[in-house]
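Asks: From first to last, the protein sequence lines stand for chains A and B. Its first residue numbered -1, the first sequence is counted upward by one per residue in our numbering. Its first residue numbered -1, the second sequence is counted upward by one per residue in our numbering.
Just so you know, the hints here were simulated from the structure itself, not pulled from any lab data. Warning: the hint list may mix true and false statements.
Identical copies carry no separate label here, and so any pair may be met within one copy or between two of them.
Lysine to any residue pairs mimicking SDA-like chemistry, simulated, CA-CA at most 25 angstroms apart [said to hold, decoys possible]:
{"no.": "1", "residue 1": "240", "residue 2": "2"}
{"no.": "2", "residue 1": "240", "residue 2": "40"}
{"no.": "3", "residue 1": "13", "residue 2": "50"}
{"no.": "4", "residue 1": "13", "residue 2": "211"}
{"no.": "5", "residue 1": "13", "residue 2": "76"}
Number of protein chains: 2
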Amino acid sequence: MAGACVIGVDVGGTKLLSGAVDSGLAVHHRAQRSSQGLATPELLDTLAAIVREAAEAAPGPVIGAGFGIPGVIDRRAGVVGACPHLPLEGVPFQALMEERLGIQVAVDNDANCAMLAEWRHGAGVGLEDVVMLTVGTGIGGGIVCGGQLVRGSTGGAAELGHMVVQLDGPPCQGQCPGRGHLEWYASGNAIGRAGQAMIAGHPDSALAREAAAGRDVTGALVTELAHDGDAASRAAIEQVGKALGAGMVTLVNVFNPARILVGGGGIAAGDLLLDPARREVAECAMPSLRDNVEILPARFGADAGLLGAATLAFEEFAR
Amino acid sequence: MAGACVIGVDVGGTKLLSGAVDSGLAVHHRAQRSSQGLATPELLDTLAAIVREAAEAAPGPVIGAGFGIPGVIDRRAGVVGACPHLPLEGVPFQALMEERLGIQVAVDNDANCAMLAEWRHGAGVGLEDVVMLTVGTGIGGGIVCGGQLVRGSTGGAAELGHMVVQLDGPPCQGQCPGRGHLEWYASGNAIGRAGQAMIAGHPDSALAREAAAGRDVTGALVTELAHDGDAASRAAIEQVGKALGAGMVTLVNVFNPARILVGGGGIAAGDLLLDPARREVAECAMPSLRDNVEILPARFGADAGLLGAATLAFEEFAR
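Just chain A, with the same shape it has in the complex:
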């Protein structure tokens, strides 16, 4: 008989992704649905359906399911707190899902799941102190500190995109009432904004030509052109990488981690983004701390949430 499996589920604001995962973290079957426009009961039913679909295709017995949810999770009660992108606030998710599925269910924040996957199986294996920045539309994060995942007093810790890096900076977008936060300066959206700002000063750049031709100046476009060698796009990413590095200076001085991992869509820029961040840390973090930290890309890309939810389920149910 094949080894035990779990079902990992990445509960995203736009899509729901499940997979049957074995203890070596191989994914044997995936199921995917849109999460957009679903009311709470349909959302729960859809999640149950993609768990069942993955479970039927699993090569071994299924010992439980793990869910990574983009919200604040009260893990003792299994209840979802603030959850900006999905109608799950106040939902006793664990109990309702166990009732629907008839198997054990574990729930955590999606960024914590991604951190867990990297820590147990990815670019943070074996470390006691590691921090992960997920650079996407916004910036998320996860923290392992002294060999345990940092969750905070009510499950909401590690909002690393919402560190203040500019006292008089612009207001955050979405549900955060703050201003001058790292997310504004160093997210995927920030790459797009920095690119936009480069155009006037670089009218002959590939970036200016693409913009003149009507293309949206997004982080993805700027990254693509930077990889093709466009100087204006590279300058935009360098500026964002330096700001990302300033956020890392805070993380180095606060956590003294052995490693900082960078995941999310923004890591498509690779060392064009990470090298300026590394330089900022080398110049500005406390000397005895900066000499002991590596800044590396995360190992898992789009699968980090699914694999992390599966890792969570293995940790909770495989004993």
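Assemble chain B onto chain A, guided by the hints.
Replies: This is chain B only, laid out in the frame that chain A set:
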């Protein structure tokens, strides 16, 4: 026979303070010496002498000594790393001190010791997630996260004065190569600087009069005048409190603590400093996190280091 005691030692850059401490954290005898100008062997001998002096006056058997040192401590090896204010860098402190004293010795960073005292016996008792800011000449800190003290991968964590709060801010003073750090905007020195900057715009203030009479505009003077009702001094402290609050926004969003404690000499300003910080957190931290955090003064003042070093010794040797 009286209960067991430990000797707690606060190893400061200007003075060395020891005390015989019982398990109820009462201090039975204190000994103090200057630490200025001492070379390494004299410093170690002086420390041994004040431990012996306190031990002789202890009301019960002495089971060990704890030392809080203002530097990076490798606790596994008992060796001091970077230590800007004392000639202890590279010194195998624990072994040398055990040899001198013939009793068990525990060593930790002084800010960690202060955090430990507050966590076990002070304003953070019973909490799993609590952060402490020590606002003095600079800003130090301690962090308890998930029920354990945060030390980092090489013992240098919790440099909370060195979080970046201004991307293009002024350079740090001393050994930190960074810029725009919280310490610049929110330390005791910052209160003095903010007071200095208020004078031109408030020529009739008590602060301006004291400055004209030749008094140094220090954080202590500004605080004294603010308590007496001087509007310019109050405005200076308010400005610093708001910046301190911005640092707390980062701490709330990163750690989701149940409580943030403020200690150090800066807390002499009391709610004149803490209220603007509380307002900044209420306005700018993530809503689900700010509603679950209290901002309070630390319980122990100048004794925090000594009591923390004693608490450390009890935790290590009283089992």
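Asks: For each hint, tell me whether it holds in the structure or not.
Replies: Cross-check of the supplied hints:
no.	hint	in the structure
1	240 - 2	neither (45 angstroms within a copy, 54 angstroms between copies)
2	240 - 40	neither (43 angstroms within a copy, 45 angstroms between copies)
3	13 - 50	within (17 angstroms within a copy, 67 angstroms between copies)
4	13 - 211	neither (31 angstroms within a copy, 69 angstroms between copies)
5	13 - 76	within (22 angstroms within a copy, 51 angstroms between copies)
Consistency with the previously given hints fails for numbers 1, 2, 4, ordered from lowest to highest.
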